[in-house]
Amino acid sequence: MTDSAFDISLTVNGERVRERVDARKTLVDFLREDLALTGSHVGCEHGVCGACTVRVNGEIVRGCLMLAVQCDGAKVETIEGMSDSGEVADLQAAFEQRNALQCGYCTPGMIAAAQDLLRRGGVPSRDEIREHLSGNYCRCTGYHAIIDAVEAVAQARAGGR
Amino acid sequence: MKITDDSPPVLTALDRPNSYIGRSVPRPNLQRLTQGRGQYVSDVALPRMAHVAYVRSPHAHARIVKITIDAAKNATGVIAVVTGAELAKVMTPWVGVLTHLKGLKSAPQAPLAVERACWQGEAVCAVVARTRAEAEDACELVEVSYEELPAVTDPEIALDGKTPVIHASLGDNLCFERKLDVGAVDKAFAEADAVVETTFRFGRHTGVTNEPRSVVADWNEGEQRMTVYHGTQAPHMMQNLFAKHLGIAEHQVRVLTKDVGGSFGIKVHTYADEMATVALSKLLKRPVKFVADRIESFVTDIHARDHRVKAKIGVSKDGTITAFEIDDLTGIGPYSVYPRTSGIEANQVVNLVGGPYKCPNYRAQARVVFQNKNVMCQYRAVGHPIAVAVTEGLVELAAAKIGIDPLELRRRNLIADDAYPTQSASGLKFELLSHHEALAHLDSMMNYAGLRAEQKKLREKGIYRGIGFASFIEVTNPSAAFYGVGGARITSMDGATVKLDAQGAIIVHTGVTEQGQGAEAVVAQCVASSFGVPLDKVRVITGDTDNTPYGGGTWASRAAGIGGEAAWQAGKALRGNVLAVAASILQAKPEELDIRNGIVVDKANGTERLPLDELARVAYFRPDTLPPGFQAELMATRHYVPRAWPFAFTNGIQGSHLEVDVDTGFVKLLKHWCVEDCGTIINPQLVDEQIRGGVVQGIGAALFEHCLYDERGQLLNGNMADYLVPMAAEMPDIECGHVVSPTADSELGAKGAGEAGTAGAPASVMNAINDALRPLGAQPLTDMPFTPDKILRALGKV
Chain D
1 MTDSAFDISL
11 TVNGERVRER
21 VDARKTLVDF
31 LREDLALTGS
41 HVGCEHGVCG
51 ACTVRVNGEI
61 VRGCLMLAVQ
71 CDGAKVETIE
81 GMSDSGEVAD
91 LQAAFEQRNA
101 LQCGYCTPGM
111 IAAAQDLLRR
121 GGVPSRDEIR
131 EHLSGNYCRC
141 TGYHAIIDAV
151 EAVAQARAGG
161 R
Chain E
162 MKITDDSPPV
172 LTALDRPNSY
182 IGRSVPRPNL
192 QRLTQGRGQY
202 VSDVALPRMA
212 HVAYVRSPHA
222 HARIVKITID
232 AAKNATGVIA
242 VVTGAELAKV
252 MTPWVGVLTH
262 LKGLKSAPQA
272 PLAVERACWQ
282 GEAVCAVVAR
292 TRAEAEDACE
302 LVEVSYEELP
312 AVTDPEIALD
322 GKTPVIHASL
332 GDNLCFERKL
342 DVGAVDKAFA
352 EADAVVETTF
362 RFGRHTGVTN
372 EPRSVVADWN
382 EGEQRMTVYH
392 GTQAPHMMQN
402 LFAKHLGIAE
412 HQVRVLTKDV
422 GGSFGIKVHT
432 YADEMATVAL
442 SKLLKRPVKF
452 VADRIESFVT
462 DIHARDHRVK
472 AKIGVSKDGT
482 ITAFEIDDLT
492 GIGPYSVYPR
502 TSGIEANQVV
512 NLVGGPYKCP
522 NYRAQARVVF
532 QNKNVMCQYR
542 AVGHPIAVAV
552 TEGLVELAAA
562 KIGIDPLELR
572 RRNLIADDAY
582 PTQSASGLKF
592 ELLSHHEALA
602 HLDSMMNYAG
612 LRAEQKKLRE
622 KGIYRGIGFA
632 SFIEVTNPSA
642 AFYGVGGARI
652 TSMDGATVKL
662 DAQGAIIVHT
672 GVTEQGQGAE
682 AVVAQCVASS
692 FGVPLDKVRV
702 ITGDTDNTPY
712 GGGTWASRAA
722 GIGGEAAWQA
732 GKALRGNVLA
742 VAASILQAKP
752 EELDIRNGIV
762 VDKANGTERL
772 PLDELARVAY
782 FRPDTLPPGF
792 QAELMATRHY
802 VPRAWPFAFT
812 NGIQGSHLEV
822 DVDTGFVKLL
832 KHWCVEDCGT
842 IINPQLVDEQ
852 IRGGVVQGIG
862 AALFEHCLYD
872 ERGQLLNGNM
882 ADYLVPMAAE
892 MPDIECGHVV
902 SPTADSELGA
912 KGAGEAGTAG
922 APASVMNAIN
932 DALRPLGAQP
942 LTDMPFTPDK
952 ILRALGKV
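Chains as they are written, first to last, in our numbering: chain D, 1 to 161; chain E, 162 to 959.
Careful: at least some of the hints might be erroneous.
In silico contact screen, one side only, chain E against chain D (beta carbon under 10 Å); selected entries [claimed, not checked]: (1) A329; (2) D333; (3) E372; (4) F425; (5) I456; (6) A663; (7) I860; (8) G861; (9) G918.
Calculated from the structure, these hints are not laboratory results.
The structure presented is a predicted model; accordingly, all values stated were derived computationally and were not measured.
Heads up, the beta-carbon is just placed ideally off N, CA and C, and yes, glycines get one too.
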């Protein structure tokens, strides 16, 4: 309930943030409602669809399964931060070129999850890409184009080294 | 990256210099979506905006005895607690009927239940608060006492005399019935060498859009205007409905639709909770936001496909199909959904069964009954997945029975490619289809003979792979025959307004809407091509009833074929206007000029005469230099509606290759193919991605998706952990091929492509599973979804 609020201090996309939040507030609601970072989306609110995927201390998490209060002192990165830094520019370009998104609602989470795989290096197989993205629901594309885009970026990054 | 190569130009009339027709150009609106800068309705926040949460009936059928709201009213943050009786004073009820579906009946439905709740999840009370969380907290303080009533849940007994009638005023539980008897069906069955008869069952499932239904309604008491930010497919339809049921004029309502997180037919209907949200804004004179949560989505987003079809096919030894017969029964919930009705899916099943084949003997019966479950209505490919599974399931069972290869049986019965125009036994009119060419293309694309040889070898090793097919037809580009003639204010027309801005760029307003399918790209391609500018000089604006031409929006695969044609024509009209200005400036004849790549040129030799920015400068800022009496018109509007044919039918065939683990019942999809014919292809990549996405949606229906209800009408799996959707790991790569048979009804010749994948995929997967299991003597599986449990039962293993 609202009487159990806590002060939290954290870094979001490189900016220091200090807010008072309800204990029950999820990370994704905090990002969207308190910080107006609406690039992270809410799809199922029970950890299945992956639309709220963000990075906390370098690991991808479900923004709906983590509470904002758990992020006190944490480093949180959302699609807005990853976009502005240019970290996922090649993934974004490949998604656009390959039409690996239609409605785009799953895309920020999908890109965060794909980047998590590609940061490990190497060129994953199509099956490995499918497996890694299997917690991110896309109703529009049928996934084929997404796998194509991620595979192309993996190959490009490997070739560029 | 496997980016589809641009198709070689197949067009002549459309093959203008710098034409974008037939080219896979990226969509102009993607960058903001990949960067998380989209604007979905769930993102919208307005000054003084309140949030509504709904108290929903836990019972499938119950009398509302009393609602006690005092505690909720006094809770922190609560602005208002409103019951159905109060809201009924703000908004009138509606009845979902269409006059051309003769006899279809339904009962009045209110934004919030009044006196009686008719399904589990129906909203009975609204709580408006400063935040959604506070509204939900207060919902728990609303006390509703119910008197539970008997729930009618099984369609099979809905029409029995002993079963309670859900709406006493209707007399019985029959919503709609249709019968058809064409040719000499009994004679054809009697003369057939083999008759196959079986029952197909389709699991009730739903759209599971990633962004749930969302609406922000903002009544401005000072302006006497309602602005509705709405995740919808049909803004003008909703403008009409909001106005009608609030008792205000349409011009007092503005519907704004920017990004929509998935639609698939889910977001083209009237939802009581969305109507209630709009009414609440009027009542409270401030913005009110409603975003369904996932559980609310499962119990209130329209469901579809809950059909039981008894079906029969007759075939002669030489493989000629002699007759089809079906008996379809479907339960559609307690109300026919407004305004498109819940009779359309069954009606489509009757229309479409047997559609690809030249069989003249066809008998059908469809009954649509009320029940106390969530409502059913039109979801992507409406009726097609059912009709195709019934038809193609029967065809492959018949092929197996008389020992003919399933593709060969189709070759002997599909309507010949040179037989057009023609019509189906049910009366569907076909302008031009290409079943045989599509089949031949699929045959070679998938290396059918090779797969059969491999299948045989693997069977010897105890590996059971199956190959299944589905020929299909798809309804696209609907004319007024779909809804307009039945009295619904749902336009089949669409418009585009095109203007030259002061720097020579083109701004397009279109009545079709972007749901992610690429409508903006297609409209931009059409205008850029017919007007003559590079694509980056075209900006498309959609989803605003104050500013876009009146249009139907996105449904029944109409955006490219209808909206694209309007855009093409508008671009042409503006080109004529601009050339008149150019001719005036250049003292030339308009017919000797053209616009290419954003520059006015001599038509004959392409010599550059005048850049568009210079033309715009003169026309807008120095009109005094133009001849007296000459007025530049730098904006043009054109509309288009199909007239020659009620629908532009498309066709195609799908193939599924899969492996069944006969010990666990698991199905592994190996590959999927689809060859389709949507006429002129404006953007090959977008067509392929519509097909792929549609196929996977159909695979979901075949293998995973099922809204499971108990006999009391309680949904048992209303969450994404228990209701399974297709995820990346289980899905196959999908290869697409095309045949191009343009419609002559429009200059572009484009038909729709949005539903073909979903139409054929369930049937081809079903047929592949049965093909895999046939040597093991399994009973054919005809009860979707085909879960491991059902497969093991068919194998006699459990």
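Consistency of the hints with the structure:
1. At about 39 Å, the closest approach between the beta carbon of A329/E and any beta carbon in chain D exceeds 10 Å, and the interface hint on this residue is violated.
2. Annotation: interface hint on D333/E violated; nearest CB of chain D at approximately 37 Å, more than 10 Å.
3. Given hint, E372/E at the interface with chain D, holds; its Cβ is 5 Å from that chain's nearest Cβ, closer than 10 Å.
4. Because the beta carbon of F425/E sits about 7 Å from the nearest beta carbon in chain D, less than 10 Å, this interface hint is met.
5. For the restraint placing I456/E at the interface with chain D, the shortest Cβ-Cβ distance is roughly 9 Å, inside the 10 Å limit, so the hint holds.
6. Proximity of A663/E to chain D is violated relative to the hint, the smallest CB-CB distance being about 29 Å (cut-off 10 Å).
7. Using the Cβ-Cβ criterion of 10 Å, the hint placing I860/E at the interface with chain D is satisfied: the shortest such distance is roughly 8 Å.
8. Because the beta carbon of G861/E sits about 9 Å from the nearest beta carbon in chain D, less than 10 Å, this interface hint is met.
9. Proximity of G918/E to chain D holds as hinted, the smallest CB-CB distance being about 8 Å (cut-off 10 Å).
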